[in-house]
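Here UniProt numbering is used: the first residue of the sequence shown is 1, the next is one more, and so on.
Rather than coming from a laboratory, the hints here were simulated on the basis of the structure.
The model shown is predicted, which means the values in this text are computed figures rather than measured ones.
Positions of the beta carbon are idealized from the N, C-alpha and C atoms, including for glycine.
Honestly, I wouldn't trust all of these hints.
Calculated cross-link-like contacts (lysine-lysine; reagent style PhoX-like; alpha-carbon spacing at most 20 angstroms) [stated by the list, open to error]:
no.	residue 1	residue 2
1	LYS156	LYS210
2	LYS389	LYS305
3	LYS349	LYS305
4	LYS224	LYS273
5	LYS273	LYS336
6	LYS224	LYS271
What follows is a set of in silico ranges between Cβ atoms, one per label pair, in the way DEER data are often shown [stated by the list, open to error]:
no.	residue 1	residue 2	range
7	LEU161	SER67	16 to 26 angstroms
8	ASP347	VAL77	29 to 39 angstroms
9	THR87	ASN261	51 to 61 angstroms
10	TYR358	SER317	17 to 27 angstroms
11	ASP322	LEU352	42 to 52 angstroms
12	THR195	PRO259	42 to 52 angstroms
13	TRP226	HIS90	37 to 47 angstroms
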Amino acid sequence: MAKHRGIKLFALASFGSLASLPVYANYGSMLTGNGPSSNGIAGTSIAFPQDATAAADNPAGMAFVGSRLDVFGLLVVGAGDVTSGSTANHLYSRIIKPAPGLGANWDISPQWTAGVAVYGAGIGTYYGGPIAPVPGANKASSSLLVVNTAPTVTYKPLPNLSIGASAIFGLQQFRVNGLVGAGPTGAVGVPSHGTAYATGIGAGIGVLWKPLPWLDIGASYYTKTWFTPLSGYRDDVLANSKGRLNMPSRYGVGIALHPINRVTLALDYLKIKWSSADGYNDATSFNWHDQNVLRFGVAYDVSDKFTVRAGFFTSSSFLDSDHTNANLFANGICDKGITIGATYNLDKKNALTASLEYDIPRTVVGTGPSTGTNITARFQVYSVGYTHKF
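Make a model of the complete structure from these sequences and hints.
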């Protein structure tokens, strides 16, 4: 009973600590990895769980991480160079944002575990001026924050096989300023509705099987996270989705190989279904497409004290060149990146971890109705974390 009460209190405290801090990402509005261990191998975690944030990629992974607490902080540095409507109208966005994250897990018995992972998603811009010189246009900026709290249980029918399930409780914060719309005499600025909030619910399931000492196989599926309408924006910006910005369903498979002692090679394939996510799939605005993501990572235990990591990810684009106009406010368009990371074990129960992600800069040149609106984006993510094993 005490353990279950601790899980509940931990989840509530975690949710509150994250709710005021945005996160910016490149799988659409999703992070590459959740936590510095995962991020050090480009998020490759479906078959290779390393800490108590594993539920963000495969709930079944929590069965193999032990009783522990993982807390981390990250710093996202993003920059966007855009032209709006004409190559002569140049805008620049730069964002430096910190955010915390955490997870906890308890081995209740040899077969059962219970835990919670708190992880975020989001995207945003700040241009410092209007996107077009029209009457009433405000400084252009946007912020979408999604915080997911995922209480998770796992069951091992066999010592080498786990099944996991997560409930996902979401909190969403959204605001946008500086939109331009059609008026009776031409383009005019659209008033902002300020900051709006929504709550959501979803679920995830997964399996992780270790059939051989050198081979692990994982698979996971997450439903959409269905959110309530965002007040105010349901009447204009998000009218076609009735004010909703639902997070997409996704599924993935992964393998992890241990070819020699102390070395792990991991590979994930992930499908993100933006085309069925209300708000993101609106053909008159964002028109985001489904993404195919490949992630590869390697981890090497140099010694009992020190582990090093590296990774690479590549994905198809959620954005097409005919819709750069709307996506000026959602310019996390980088589709390739490299990562490195390391863990130092202070002793048998405590460790420090750090990682660095560098996303390869990308430019999308607008075509058709978006001719003249071009987007260039650059991102880096720095992360550090602390682990305590119970």
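Verification of the hints:
{"no.": "1", "hint": "LYS156 x LYS210", "verdict": "holds (12 angstroms)"}
{"no.": "2", "hint": "LYS389 x LYS305", "verdict": "holds (15 angstroms)"}
{"no.": "3", "hint": "LYS349 x LYS305", "verdict": "holds (11 angstroms)"}
{"no.": "4", "hint": "LYS224 x LYS273", "verdict": "holds (9 angstroms)"}
{"no.": "5", "hint": "LYS273 x LYS336", "verdict": "holds (19 angstroms)"}
{"no.": "6", "hint": "LYS224 x LYS271", "verdict": "holds (13 angstroms)"}
{"no.": "7", "hint": "LEU161 x SER67: 16 to 26 angstroms", "verdict": "holds (20 angstroms)"}
{"no.": "8", "hint": "ASP347 x VAL77: 29 to 39 angstroms", "verdict": "holds (33 angstroms)"}
{"no.": "9", "hint": "THR87 x ASN261: 51 to 61 angstroms", "verdict": "holds (56 angstroms)"}
{"no.": "10", "hint": "TYR358 x SER317: 17 to 27 angstroms", "verdict": "holds (19 angstroms)"}
{"no.": "11", "hint": "ASP322 x LEU352: 42 to 52 angstroms", "verdict": "holds (46 angstroms)"}
{"no.": "12", "hint": "THR195 x PRO259: 42 to 52 angstroms", "verdict": "holds (50 angstroms)"}
{"no.": "13", "hint": "TRP226 x HIS90: 37 to 47 angstroms", "verdict": "holds (39 angstroms)"}
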